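K.L.:
Please build the complex by placing chain B on the supplied structure of chain A, with the hints as guidance.
Okay, here's what each chain looks like letter by letter:
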Amino acid sequence: MEYLINLGILFCIYGVLALSLNMVVGMTGLLSLGHAAFFGIGAYATAIVMTEFGVNFFVSLLIGAIINIAVAYLVGKILSRFRGGYYAIVSAGLAIIVYSLLLNWKDLTTGPLGIFGIPKPSLFGMAIDSNSAFFVLSLIVLALIFALYRYIDKSSYGRCLKAIREDEQLATVMGYPAQRMKTVIFLLSAVIAGIAGALFASYIAFIDPSTFQVHESIFLFTIIIIGGLASSVGSIVGALILLSLPEILRFVGLPYETAAQLQQIIYGLALILIMVYKPRGLFGKYRM
Amino acid sequence: MKKFLVSILAALSLVACSEEKSDKPVIKIGVSLPLSGNMQSVAAASRKAVQTAIKDANTNPDNHYHYEVVIEDDAMQPQKAQLVANKFTTLDKVNAFVSFTSSQGRIFSSFADKYETLHFNCAFGNEGVLTSKYNFQMFTQIDTEVKALADFLKDNNKKSVTLLFVNRVTSEELVKGLEPLLKKYNIKYNIEYFNQTDRDFALLIERVKKQNNDAIVLYGLEPTVSIIGKSLYADNLIDRVLMPDVIQFVSDINLYNGAYNIGSAVATDEFKKHINLDKENPAFSNYMYDIISFIVSAYENTYTPDTPINNSDVADYVLSQKNWDGVAGKYNISENGAIETDVISYKIENGKLTKK
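The listed protein sequences derive, respectively, from chains A and B. This note's numbering runs 7 ahead of the 1-based position in the first sequence. This note's numbering runs 47 ahead of the 1-based position in the second sequence.
Please note that the accuracy of each hint is not assured.
Claimed, not checked - Partial chain B-side listing against chain A, Cβ under 10 angstroms, derived:
| # | residue |
| --- | --- |
| 1 | LYS95 |
| 2 | MET123 |
| 3 | LYS134 |
| 4 | THR136 |
| 5 | GLY175 |
| 6 | LEU177 |
| 7 | ARG215 |
| 8 | TYR240 |
| 9 | THR244 |
| 10 | ILE274 |
| 11 | HIS321 |
| 12 | ILE356 |
| 13 | ASN357 |
| 14 | ASN358 |
Claimed, not checked - As a list, the in silico BS3-like pairs of lysine-lysine whose alpha-carbon atoms are at most 27 angstroms apart:
| # | chain 1 | residue 1 | chain 2 | residue 2 |
| --- | --- | --- | --- | --- |
| 15 | B | LYS140 | B | LYS180 |
| 16 | B | LYS230 | A | LYS113 |
| 17 | B | LYS402 | B | LYS194 |
| 18 | B | LYS319 | A | LYS113 |
| 19 | B | LYS235 | A | LYS113 |
| 20 | A | LYS127 | B | LYS102 |
| 21 | A | LYS113 | A | LYS127 |
| 22 | B | LYS180 | B | LYS194 |
| 23 | B | LYS320 | B | LYS231 |
| 24 | B | LYS140 | A | LYS127 |
| 25 | A | LYS127 | B | LYS180 |
| 26 | A | LYS113 | B | LYS223 |
Simulated from the structure, these hints should not be mistaken for laboratory data. Quantities reported herein were computed from a predicted structural model and do not represent experimental measurements. For each residue, glycine too, the CB sits at the ideal point set by N, CA and C.
Just chain A, same shape as in the assembly (with noise of 0.2 angstroms):
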């Protein structure tokens, strides 16, 4: 039971992450690799701000989410400038950029050393130190992320970004200002990463630069495009078959010669099979 609640926060922190790209992959259509910057923000301020300065779990979130949007406003006034592939690479580039200030920026990061000791949230005065006391925790955040994302893609606004995805050009010249319209939602989609980020540091207790590299926002990219684009459900569904496949396979009984290898296989024949069948991602609405 255990195992699952742990499994469990861990799908919650992802799905939350999921939401959050498909906020501008899927809704609005930015080919964004830049997530993992976002995520790694948020734990490291987290994580600095508590075992440096004693500071309450949701004060470093609020701390956090002031730096994601200072970040976000600075690169999205940068990548409002780039489309399609060319957002992907300088987005890429963003991640590349904060992992190296995660790496070298020692007397702050700590650079690979990491930050340990992380601790566990408290509200009220009532520490959030047990597996189930955090998932609950990560359960609410889930949901309440999960709402806003139904709020958003319900709302004329959310009808706006759809606009945007589709014909940006169009949209501009229906009256829409979609530059500002874009910059809104990568921020509001950054301060959740950065929540997402906040929530994976105080659970696991340690981060180190290496879980924010571009390879994670490759991770996150698969998550909604198996889920599907621009779909809630399938965001969350991506995160839990992404997260546990690999777990399942643990219990195959696969021999340990070649159970890591084969394991890989398989779970990358699983993806292989959904693109095929599913191109669209399992509860996909709309191809890029």
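P.N.:
Relative to chain A, chain B alone:
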């Protein structure tokens, strides 16, 4: 398709049925290795060493317990390590577990504290790992290696050194230990970091050449370290090179002819034959074999008939010991849980290691 699935299921059930059964009480050991990802070439030999050590323990008729091993892949990722540690403690209910590298060790050590499970970490950076009496680290320790490196430089009359390090945990700890000693010995030093993902080192090598220091301490992982090694070899700088443990995982030892390796004991040919190593890199497999054998000896020595296994007693027993002999050499056991072999200096000549 159906036939294919049936044959896979049949093969899997055969694997399951072929496991040895024993009347002896069982000790379960979990081993977490980076079997996929960047470090998989280093972990392959360790897996073989672990399986051989378990086999050796179970074929010893004097042993009171039957030993079972659960090997899991953590891909060197903290979130995977968290899941593996959770699986070991809550599903497999192992008596002891083994982790590889200090960053993974930090995650496992919190589980060892919580579940009172014995934890053995194979790594030499120890910050955050030895947090309670249930956590041990079996290798050469970083302080000892750092001292040996600095002493080597002093004894060989080196007045200046370039520290050419990959930007990762171990390098940070090496620098932290080396800096005060180099200052104490009046050895001038330059630090040059490179990233594991970098592939072009022309500018870096140029800087190193310009510094023209008497020695170069090179620390990195494959393939990066061999790209640098090749450049240093081409520029006739290789005989200035000292490596802390790097030779354990390089793909071509001939690149380093003339260099020195200072650190843990390298696996002997006899040991490689024993664990049936073919082309795999033997990196640290002798230490992994020793860790399993040491866990076995700890449980055997604390065995009391008809008494449930008590990990607290086993941990106390380990801490009460002074030393232990393994295939990697004689281990000294410290009160903080560090179980270390002496540092050995090797010179690399004609693709072979010679003890100095």
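K.L.:
All the hints need checking, so say for each whether the structure fits it.
P.N.:
Outcome of the hint check:
no., hint, result
1, LYS95, "holds, 9 angstroms"
2, MET123, "holds, 7 angstroms"
3, LYS134, "holds, 5 angstroms"
4, THR136, "holds, 8 angstroms"
5, GLY175, "holds, 5 angstroms"
6, LEU177, "violated, 13 angstroms"
7, ARG215, "holds, 4 angstroms"
8, TYR240, "holds, 8 angstroms"
9, THR244, "holds, 8 angstroms"
10, ILE274, "violated, 19 angstroms"
11, HIS321, "violated, 17 angstroms"
12, ILE356, "violated, 21 angstroms"
13, ASN357, "violated, 22 angstroms"
14, ASN358, "violated, 18 angstroms"
15, B:LYS140 x B:LYS180, "holds, 19 angstroms"
16, B:LYS230 x A:LYS113, "holds, 21 angstroms"
17, B:LYS402 x B:LYS194, "holds, 18 angstroms"
18, B:LYS319 x A:LYS113, "violated, 40 angstroms"
19, B:LYS235 x A:LYS113, "holds, 23 angstroms"
20, A:LYS127 x B:LYS102, "violated, 41 angstroms"
21, A:LYS113 x A:LYS127, "holds, 24 angstroms"
22, B:LYS180 x B:LYS194, "holds, 26 angstroms"
23, B:LYS320 x B:LYS231, "violated, 44 angstroms"
24, B:LYS140 x A:LYS127, "holds, 25 angstroms"
25, A:LYS127 x B:LYS180, "holds, 23 angstroms"
26, A:LYS113 x B:LYS223, "holds, 13 angstroms"
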